[in-house]
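As they're listed, the protein sequences go chains A and B.
For the first sequence, numbering that gives the first Met the number 0 begins at 0 and goes up steadily by one.
For the second sequence, numbering that gives the first Met the number 0 begins at 0 and goes up steadily by one.
Note that these hints are calculated values from the structure, not bench results.
It cannot be assumed that every hint is accurate.
Note that identical chains are pooled: a pair holds if it fits in a single copy or bridges any two copies.
Below, in silico cross-link-like pairs of lysine-lysine (DSBU-like), each with a Cα-Cα straight-line distance of 30 Å or less [what the hints assert, rightly or not]:
1. Lys282 with Lys115
2. Lys115 with Lys3
3. Lys39 with Lys56
4. Lys56 with Lys115
5. Lys338 with Lys56
6. Lys39 with Lys282
7. Lys3 with Lys39
8. Lys282 with Lys338
These numbers were taken from a predicted model, which means no experiment stands behind them.
Number of protein chains: 2
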Amino acid sequence: MNLKQLSNMLALSQTTVSRALNGYPEVSEETRRRVADAAKRHGYRPNPSARRLATGKAGMIGYVMPTGASVDIDPHFVEFLSGLGDYARGHELDLVLSPTAADDEETTYRRIVANKQVDAVYVSSPRPADRRIALLNQLGLPFIVHGRSEGLGFDYPHLDIDNEAGFHDAARLLLQLGHTRVALINGDTSQTFAIFRERGVRRALAASGLALPPARIRSAAMTEEEGFRAAMSLLRGNEPPTAILCSSLMMALGIVRAIRDLGLAVPADVSLVAHDDVFPWLKPENFSVPLTTTRSSIRAAGQRVAERLATRLSGQETEPLGEIWPVDLVVRASIAAAKT
Amino acid sequence: MNLKQLSNMLALSQTTVSRALNGYPEVSEETRRRVADAAKRHGYRPNPSARRLATGKAGMIGYVMPTGASVDIDPHFVEFLSGLGDYARGHELDLVLSPTAADDEETTYRRIVANKQVDAVYVSSPRPADRRIALLNQLGLPFIVHGRSEGLGFDYPHLDIDNEAGFHDAARLLLQLGHTRVALINGDTSQTFAIFRERGVRRALAASGLALPPARIRSAAMTEEEGFRAAMSLLRGNEPPTAILCSSLMMALGIVRAIRDLGLAVPADVSLVAHDDVFPWLKPENFSVPLTTTRSSIRAAGQRVAERLATRLSGQETEPLGEIWPVDLVVRASIAAAKT
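Starting from the given sequences, assemble the full structure and let the hints guide the process.
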């Protein structure tokens, strides 16, 4: 059965049937249900080209992807993509990646808007007062931000995890265990997620009358190697930390190596907490000493971002909704009471 | 300066100028050079929409991406994407990912061909007699395979690394060091890359009159956890291996953990060789005992795949060219002579 036959049978126009199947708000709930039932009963599966002609939608979600010799796309991106795909697959949505120079994303956003090649985009790794968000707001292309920005002066749709609370709670637990020299090995602090994590650690320390001096903060690319270097420089310094919080499992691999190379042990000499995006290929419970983590599935975030973009495109989400997910604090063997 | 002004100045049609700038073979080399020089001199930058209208090309490369609860997209994919982006960025090519159920890729290929939404696709993780390659050959959509298939009965464009020679050479070196009980922890053996790796190991062993019995082969997802499990079952068995080859650095992390958990050491008790795709976030030289690897940059492969697709689209590559890259064997501290 094709669209024409289904429409004739229901005595509705093809446009109405198509819009009903795609959840357009101008179609009444009763009609929507009648069309959906008939489509299901007769095994009608919309032809995407026909659907696109009828709805004026490309069926595509865009992502402007910074690349270049100096840009390493993170393995986090794969898990996020998997989640996006989990949702998009069931809804015949495709994803358009537009590679761009990292210092010239604006040109690429303008190009994809001018070409009308996508219906909506998502923005990742936002910074404070992120210019991409301001630009999209001005261009009128539907979008959602994975993460958050600050200081923009307007609301915008976003999905973020509560990085500040997650790192606050982890730091507070280390303080409760008697640690006073707590260090943070963070990601790129020009990005909001890293700023929020640092804020959470500072807030917990401040509540105990402690500070986070520059000598106990490192910021680096989230790789094994950078984790190793940062831990080495912290642990070889004066008054080395007895507890370290870090922003990724990859970094944690390098931190564990540094601790071992220095003849120290987790958690006897150094307690360790890492953020876990729930990768299938590297699990915190499988570290030689199982890792305590702040945990949130980045794959689930990818699913939700795709779902919300689809909801916005169908006109069912119109407010600049901000959605913040709590972060789990999962305690395993890598933390212990400070030596007295 | 726009296309019309440039064309008027050169006294050429807009179509000719556009084709010249996009390397179409029907434009003479002399005209191509004249147009390129004028465009450069006057700072003309083609508008992609106009270019698409003139050339009939979408400027998009497609990838049908298997997803679903049971499918973990591998971190290798990110590095490959980075490479693809490195090339595509400079050529205003976008990449369309079409998520699909892993058991129904054919429907998705048919849909993207019907919708004319991409100019060409690449195929990854090929299997023997891969049905996707046969389908694309039949549908007439330009494509290139990253990897190889066997038993298709026709030639097709591909780019692969020499997995068989790489693993052959690594196994031969272990034999030269006196190892006779060599094990292989492989990836998914329904895929060609894994079949070729096993073939290489078998060939090296056979040349020394040795076999690779089923008890010394494992095949699993390329994760830390699966590497650990496979190594545990091998090392706890009868006549445990004194040398292990494995298919990824992630697996190697788990294998090293298993060796340590059993109170054994690398390389004193077990020599270890892993395949390295050259990830920026995990480097073999940074393992606690630096790893010997078979090495080939998957990011470079991504760049080359994009470049060859662009060359095919411009009509400058028409043969079903098969390109096979050699694999480096990089010796580090993780291998030693067998105990006698």
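Comparing the hints with the structure gives:
| no. | hint | result |
| --- | --- | --- |
| 1 | Lys282 with Lys115 | neither (41 Å within a copy, 41 Å between copies) |
| 2 | Lys115 with Lys3 | both (27 Å within a copy, 22 Å between copies) |
| 3 | Lys39 with Lys56 | within (23 Å within a copy, 36 Å between copies) |
| 4 | Lys56 with Lys115 | both (9 Å within a copy, 15 Å between copies) |
| 5 | Lys338 with Lys56 | neither (62 Å within a copy, 67 Å between copies) |
| 6 | Lys39 with Lys282 | neither (41 Å within a copy, 52 Å between copies) |
| 7 | Lys3 with Lys39 | within (15 Å within a copy, 51 Å between copies) |
| 8 | Lys282 with Lys338 | within (28 Å within a copy, 34 Å between copies) |
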